[in-house]
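K.L.:
Each chain, written out:
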Amino acid sequence: MTVTAPAPRLTVVTEASPAKLWRKRILSVLAHVALIGASILMLYPLLWMLSASFRPENEIFSGTLIPSSWSLDSYFRGWNGLRISFGTFFWNSLVISITSVVGNLIACSMAAFAFARLRFKGRNFWFAMMLMTLMLPGQVTLIPQYVLFRELGWVNTILPLVAPKFLAVDAFFVFLMVQFFRGIPRELDEAAMMDGCSAWRIYWKVMLPLSTPVLATAAIFTFIWTWDDFFAPLIYLNEMKQYTVMLGLRTFTDSTGESDFGGLFAMSVLSLVPIFLFFLFFQRLLIEGIATTGMKR
Amino acid sequence: MTAPAVEASVPHPGGAVYQSWWSRVWQNHAPGYLFLIPWLIGFLGLTIGPIITSFYLSFTDFDLLTPPEWVGTANYVRMFTADPKFIASMQVTLTFVLFSVPLKLAFALGVALLLNRGMRGLPLYRALFYLPSLLGASVAIAILWRQLFAGDGLVNDFLSVFGIQGPSWISNPRYSLWTLIVLSIWQFGSPMIIFLAGLRQIPQDMYEAASLDGASRWRQFWKITLPLLTPVVFFNAIIQTIEAFKSFTPAFIISAGTGNPINSTLFYTLYLYQEAFGFFRMGYASALAWFLLLLVACFTAFSFLTSKYWVHYDD
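Sequence lines, in order, name chains A and B.
So the first sequence is numbered by the working numbering: it starts at 25 and just counts up by one.
So the second sequence is numbered by the working numbering: it starts at 2 and just counts up by one.
These are computed hints drawn from the structure, not numbers from a lab.
Note that the Cβ used here is the ideal one computed from N, Cα and C, for glycine as well.
There's no promise every hint is true.
Where chain A lies over chain B, by a calculated footprint (3+ residues, C-beta under 8 Å) [unchecked claim]:
#1 52-66
#2 97-105
#3 162-168
#4 182-194
#5 279-289
To give an idea of the chain A side of the interface with chain B (calculated C-beta under 7 Å), a few residues [claimed, not checked]:
#6 63
#7 148
#8 152
#9 256
#10 273
Ranges of calculated distance between the beta carbons of each label pair, as one might list FRET restraints [stated by the list, open to error]:
#11 A:215 x B:300: 26 to 34 Å
#12 B:221 x A:143: 40 to 48 Å
#13 B:66 x A:126: 55 to 63 Å
#14 A:96 x B:119: 28 to 36 Å
#15 A:56 x B:56: 49 to 57 Å
#16 A:48 x B:231: 35 to 43 Å
#17 A:74 x B:88: 53 to 61 Å
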């Protein structure tokens, strides 16, 4: 990875005049003030929604950020606000997201290994094709895919959402893994090859164990993006008992949402919790993952 | 598979001399294709096949229930001559792309430059600014946004402190699109991180040499930072533009799937969805999709072609 540790900074030590030092200090304070102000401005809406979800129903739109009295009513009301409880939606989202993670990890790492390490005729051509799919607007494959999955009888099942992941259609992750694999010293797999290891064993015993950072990054992003995905479930899942959390929220806004803001906010907050937890525990990994995509090797 | 065709700088161990032509080909190329099988099936079956099929469908009338019926270029003619909603959705999407991408990148670069001055607490700021990017795609955030910019929403509460009576932003066609642009700018964190990584790679000694020569910070920015950062600017601009073209969820949630008021949030993707899955005009929707593909392809080709005039690669 290119940008893990901050590069040590060599600053030229010049004999700075006191006036200059003061100017520097003031500028730095101003910069902190600006950054703190911007952070508050940006995060305030999130905090507001969090606080609103814990307020009693009659106080949702009033009062300060810290509720005068805490209440979990909105959560109970929201949880059972629709014909089917949000428990079902959370379970559905979890199943779809975890299956997608498994699919992406297997299929994308296999393709990336082929592109990064194996030599075969047409490799550069297929690699260029893979890069092109990165820029493809999904709408252009949408309708034929829908027709295909409909013919297969997959509409109203989770298959149209998860099966493509086992075919490495998320080119972004293939690309990310290719970049990482290329950074692994070649001597390692050459040594394994000299020992007579098959390509499969090199992939399984050498590359994957050395690639845990990129695999973790891909897993977390797959989870978050699948969890957040609205379009595919909207098209393929039409029965409420199969709804994901995002579809549940949408139905909530359309039906009871206008009257029950508390429940809506509570469920919205709850839907963000898994993503927030990933952010809390893995933000370094995620930030490095994002940073590497923009760097060329 | 005995000897794998792992790419190596050393020649293959073991004599490959008396192998037949076929087994040599097999050993050299098979492992690569075996590993590529899942991707290849996906690429041919879920990408290339559908692209071709949707090209064909764009010349037909197709409602999913009866077989597609060939209508020639009628769909495309209708798009450009008899469909005000198509024009409206194109305007909305182009406005969105034209404003949200440059503003988002400007914010991202500005904050990255500020953070790159060796600020204390950089990891914390970086994380805080990144959080909206991570959460932003969610339906929950779109719901929050709808509430923020409602007539009695948080934004107007804030404005009333200064005695300003704000309109209902989301239900006013003059402002509704701007609430979505603001939502997009709010998520400047991820291009900011890429900018930060790019700034780290600029050799520090260039600045030292420049300041020894008496170049001001302002001059250093224009003569060193920005030119050396152009590859990253280019990358971010491409990625964000494609993302902006694809945007769907916020407009759908905020307008309850309609694209209203007066089509002011009718994103192209939203219109396509309405045509395909609201009215089941699959042929017409395919034509819309193909036009989008052409548009994105033209944009990408144009950017890559012009990039050599403004993107500096150090090799």
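K.L.:
If a hint holds in the structure, say so; if it doesn't, say that too.
P.N.:
Evaluation of the provided hints:
no.: 1; hint: 52-66; verdict: holds (count 5)
no.: 2; hint: 97-105; verdict: violated (count 0)
no.: 3; hint: 162-168; verdict: violated (count 0)
no.: 4; hint: 182-194; verdict: holds (count 3)
no.: 5; hint: 279-289; verdict: holds (count 4)
no.: 6; hint: 63; verdict: 5 Å, holds
no.: 7; hint: 148; verdict: 12 Å, violated
no.: 8; hint: 152; verdict: 12 Å, violated
no.: 9; hint: 256; verdict: 11 Å, violated
no.: 10; hint: 273; verdict: 5 Å, holds
no.: 11; hint: A:215 x B:300: 26 to 34 Å; verdict: 46 Å, violated
no.: 12; hint: B:221 x A:143: 40 to 48 Å; verdict: 45 Å, holds
no.: 13; hint: B:66 x A:126: 55 to 63 Å; verdict: 35 Å, violated
no.: 14; hint: A:96 x B:119: 28 to 36 Å; verdict: 45 Å, violated
no.: 15; hint: A:56 x B:56: 49 to 57 Å; verdict: 55 Å, holds
no.: 16; hint: A:48 x B:231: 35 to 43 Å; verdict: 29 Å, violated
no.: 17; hint: A:74 x B:88: 53 to 61 Å; verdict: 41 Å, violated
The structure fails hints 2, 3, 7, 8, 9, 11, 13, 14, 16 and 17 (numbered hints given earlier, in ascending order).
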